[in-house]
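S.K.: One letter stands for each residue in the lines below.
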Amino acid sequence: MAGHMRAHELPAPRARGIKYCVPEMLLLVPLVLAGCLQAPPPPTPAGQRVIVEVWSWNIAAGSLMALVPEFEQQHPGIEIRIDMTGAQMQSRFLLSLIAGVGAPDISQLQLVDAPKFAPSGALMDLTDRAAPYADKFSPSFWENCLHEGRVYAIPWDMGPCAVFYKRDLFARHGIEPESIETWADYIAAGKRMVEASGGQTRMLALSVSGLFQFFEMLMQQTNGGIFDREGRIIIRSAENVAALEVLRAILEADIAVPINTAGPEYYASFQNDTIATYPLAVWLGGSIKDYAAPTAGNWGVFRLPAVAPGGLRTSNLGGSVLVIPDQCQNKEAAWKYVEHVLCTKEAQIAQYRNFDLFPCLMTAFDDPLFDEPDPFYGGQKVRRLFAEDIERIPTLTRTKDWNEAMRYITQALSAWETKKLDHEVFLSQMAVKLERQLGREIAPGHEPVEGG
Amino acid sequence: MAGAAQHRGAFWSEVWRYRHFYLFISPFFLLFAVFGLYPLGFSLYLSFMKWDGLTAPVSVGLENFVMLFSDEMFYTALWNTLVIGLMYVPPMFLLAFIFAGILNSKRLHLRGLFRVGVFMPCITPMVVVAIVFTLLYSAESGLFNYVLRAVTRLFPGGPMAPIPWLESEAWSKVSVALLLVWRWTGYNMVLMLAGLQGISDDYYEAAIIDGATRWQRMRHITLPLMRPTLVFCGLMSLIGTVYMFDEVFVMTQGGPGTSSTNFGLYLFNLAFMDFRFGLASSAAYTVSIAVFVVSLVILKWRRPATD
Numbered sequence: 001m002a003g004h005m006r007a008h009e010l011p012a013p014r015a016r017g018i019k020y021c022v023p024e025m026l027l028l029v030p031l032v033l034a035g036c037l038q039a040p041p042p043p044t045p046a047g048q049r050v051i052v053e054v055w056s057w058n059i060a061a062g063s064l065m066a067l068v069p070e071f072e073q074q075h076p077g078i079e080i081r082i083d084m085t086g087a088q089m090q091s092r093f094l095l096s097l098i099a100g101v102g103a104p105d106i107s108q109l110q111l112v113d114a115p116k117f118a119p120s121g122a123l124m125d126l127t128d129r130a131a132p133y134a135d136k137f138s139p140s141f142w143e144n145c146l147h148e149g150r151v152y153a154i155p156w157d158m159g160p161c162a163v164f165y166k167r168d169l170f171a172r173h174g175i176e177p178e179s180i181e182t183w184a185d186y187i188a189a190g191k192r193m194v195e196a197s198g199g200q201t202r203m204l205a206l207s208v209s210g211l212f213q214f215f216e217m218l219m220q221q222t223n224g225g226i227f228d229r230e231g232r233i234i235i236r237s238a239e240n241v242a243a244l245e246v247l248r249a250i251l252e253a254d255i256a257v258p259i260n261t262a263g264p265e266y267y268a269s270f271q272n273d274t275i276a277t278y279p280l281a282v283w284l285g286g287s288i289k290d291y292a293a294p295t296a297g298n299w300g301v302f303r304l305p306a307v308a309p310g311g312l313r314t315s316n317l318g319g320s321v322l323v324i325p326d327q328c329q330n331k332e333a334a335w336k337y338v339e340h341v342l343c344t345k346e347a348q349i350a351q352y353r354n355f356d357l358f359p360c361l362m363t364a365f366d367d368p369l370f371d372e373p374d375p376f377y378g379g380q381k382v383r384r385l386f387a388e389d390i391e392r393i394p395t396l397t398r399t400k401d402w403n404e405a406m407r408y409i410t411q412a413l414s415a416w417e418t419k420k421l422d423h424e425v426f427l428s429q430m431a432v433k434l435e436r437q438l439g440r441e442i443a444p445g446h447e448p449v450e451g452g
Numbered sequence: 001m002a003g004a005a006q007h008r009g010a011f012w013s014e015v016w017r018y019r020h021f022y023l024f025i026s027p028f029f030l031l032f033a034v035f036g037l038y039p040l041g042f043s044l045y046l047s048f049m050k051w052d053g054l055t056a057p058v059s060v061g062l063e064n065f066v067m068l069f070s071d072e073m074f075y076t077a078l079w080n081t082l083v084i085g086l087m088y089v090p091p092m093f094l095l096a097f098i099f100a101g102i103l104n105s106k107r108l109h110l111r112g113l114f115r116v117g118v119f120m121p122c123i124t125p126m127v128v129v130a131i132v133f134t135l136l137y138s139a140e141s142g143l144f145n146y147v148l149r150a151v152t153r154l155f156p157g158g159p160m161a162p163i164p165w166l167e168s169e170a171w172s173k174v175s176v177a178l179l180l181v182w183r184w185t186g187y188n189m190v191l192m193l194a195g196l197q198g199i200s201d202d203y204y205e206a207a208i209i210d211g212a213t214r215w216q217r218m219r220h221i222t223l224p225l226m227r228p229t230l231v232f233c234g235l236m237s238l239i240g241t242v243y244m245f246d247e248v249f250v251m252t253q254g255g256p257g258t259s260s261t262n263f264g265l266y267l268f269n270l271a272f273m274d275f276r277f278g279l280a281s282s283a284a285y286t287v288s289i290a291v292f293v294v295s296l297v298i299l300k301w302r303r304p305a306t307d
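Residue numbers (my numbering), protein chains in the order written: chain A, 1 to 452; chain B, 1 to 307.
Here are the simulated distance ranges between beta carbons:
1. Met-236/B / Arg-392/A: 49 to 59 Å
2. Gly-198/B / Lys-420/A: 56 to 66 Å
3. Val-297/B / Asp-125/A: 49 to 59 Å
4. Phe-42/B / Gln-329/A: 27 to 37 Å
5. Gly-102/A / Leu-94/B: 42 to 52 Å
6. Glu-63/B / Pro-444/A: 21 to 31 Å
7. Leu-113/B / Ala-188/A: 56 to 66 Å
8. Arg-436/A / Arg-219/B: 47 to 57 Å
9. Arg-81/A / Arg-111/B: 46 to 56 Å
10. Arg-436/A / Gly-36/B: 30 to 40 Å
The hints are simulated quantities; they were obtained by calculation from the structure and are not laboratory data. Quick caveat: nothing in here was measured; it's all calculated off a predicted structure. Glycine is no exception: its CB is placed at the ideal position from the N, C-alpha and C atoms.
The following block holds chain A by itself, in its conformation from the complex (with noise of 0.2 Å):
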């Protein structure tokens, strides 16, 4: 009953609170037509434009967004939008995915991360559009973009392996980087640079919880893998047994420091002395000048070491795609863009230059950029160097369940590491944890063995 008194004593209050607001609103109202007025889009005289929209995330969106006014030159119908969407972006990608509303007209993806989507109906099918492209790309990458035999992601960047050194630190302890062709000549050069820096410098950051990507870099240069192209479990395989042999030799001989790759203590490491190799992907180079640009000239690049002496020296970390959602109204447009973008060796090739992404494309290799000096580098013609070989790297087929099976890899390769695990039992055991979490069979001959 009281709050049916209180009720009625509010009207007063209310009536005055109305009579206030009226200059307020009126001072809404130029700002509603001024909105109302810019509401609806122009009409170009020259027919509709299209808009094309595209999510992309910092380094490639920059690259992408240099190659929009030539386009829009050359293409007086189609406006492109650059949406520079940031570390939110796959998880927006999928929920516009599932509601089938909001997704942009064209989409960056990691490399791993397209499996994962092709199989969902929610890409547009690009074979027939691609098909005169399918052989211009590096093969271990366009076998990701397929999903039963059609394309759904076109490539853009890859990450093909080296080694970036600084020169101030090889020559001042004597050792050659040309001399460096297997992992055992790197691990013997490492305890040289280790003793003779007197433990201040080691020769490579390598964390527990960083174990992973060192063993897919190993994992291809050994033919080795998780998945074969049916999808079944191939991960006890005396090529990963190999893979892991080399890593356990670089923990052994103490010459890593237990730093994460990425974090901020790995960056600060690029402008002092406690590191001397970076056993990474070609993307690292853009770390480097971002990171320690007053470092410029002291770097050096040489090629990935062997397993065995003759073997692949070179590897794939990391890459991206770019896909059209199937939602898209402008597949036309779209795929215009996504043609000039990546499958045309101009556009390739700026973007190599200006960005650091390094192409996919593999008719870019004859450009005459891949035989300039650079200067970061001393002078060393790095991108032949990075170029060279690429073809030979095998696929690695990664199914939709890669990330789930390198999560559960990384975890137990730390269990691996700290217990001194065999290589065949613990290859053994993640054999059946993948085979029992991922509902897949593992492969003929590669069954788990005994005490597994």
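Got chain A sorted already, so can you dock chain B onto it with the hints?
M.R.: Using the frame of chain A, we list chain B on its own:
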């Protein structure tokens, strides 16, 4: 029947009569229905489905729950959550209580400054905090190990050695717990301070006249009257620990191995890394029910003891 109909009619005429007020409070209920109630119901539905978010959901009955209870990672995550909780909640409560006691003291100057100082950590964005702590914890050049090394130099032969805070399975939980103590002490302190300030001075004056010692006053006045506050803090900590996410995600990603994967991160991995929304929903519901039951038990102690 007629009575019920009449009653219903009376109800709606009451609603109509106060329609303006209902209109004014409706935004909350609308938003709650869309962003609270609907997701709750939808995830209950999902917990009986297999759904990757992109293709159509498939009904699987109780299979998700069977899978959940046979997933060793589920138990590891719950165990880690429990261990981290036991590591940080007691010291945090003790510190919060001590700070609240100090700030409640009438002799203290600059009270506002200290209050802000202690409360600051929990309004600092978590990602920033986690990145700073990652630097502090660094095995090679972190501040904590720098201090440990300095101590070792002063007392050679002592047990102090650089600790691989984030790089070893043994220490990762401790590192997370330390961060949590730092971060949440201020929040609990403010709650406890409010609790302390709600206790009338009369009780203490009467007790002093009766010759009660400091400890007796604490034991028989402060603690019993603080009980509702402590229970509330306990509940908040329970829920916070189970669903904690960004601390672990930014600092350790649940590693090394699975040593710091708590339930919140486990849930995130299931749903947004593996796209197993059905399994994730069933895990969320299972643990929510457990949390609900434990909360009821805790709430039984909420009433202040008046004996």
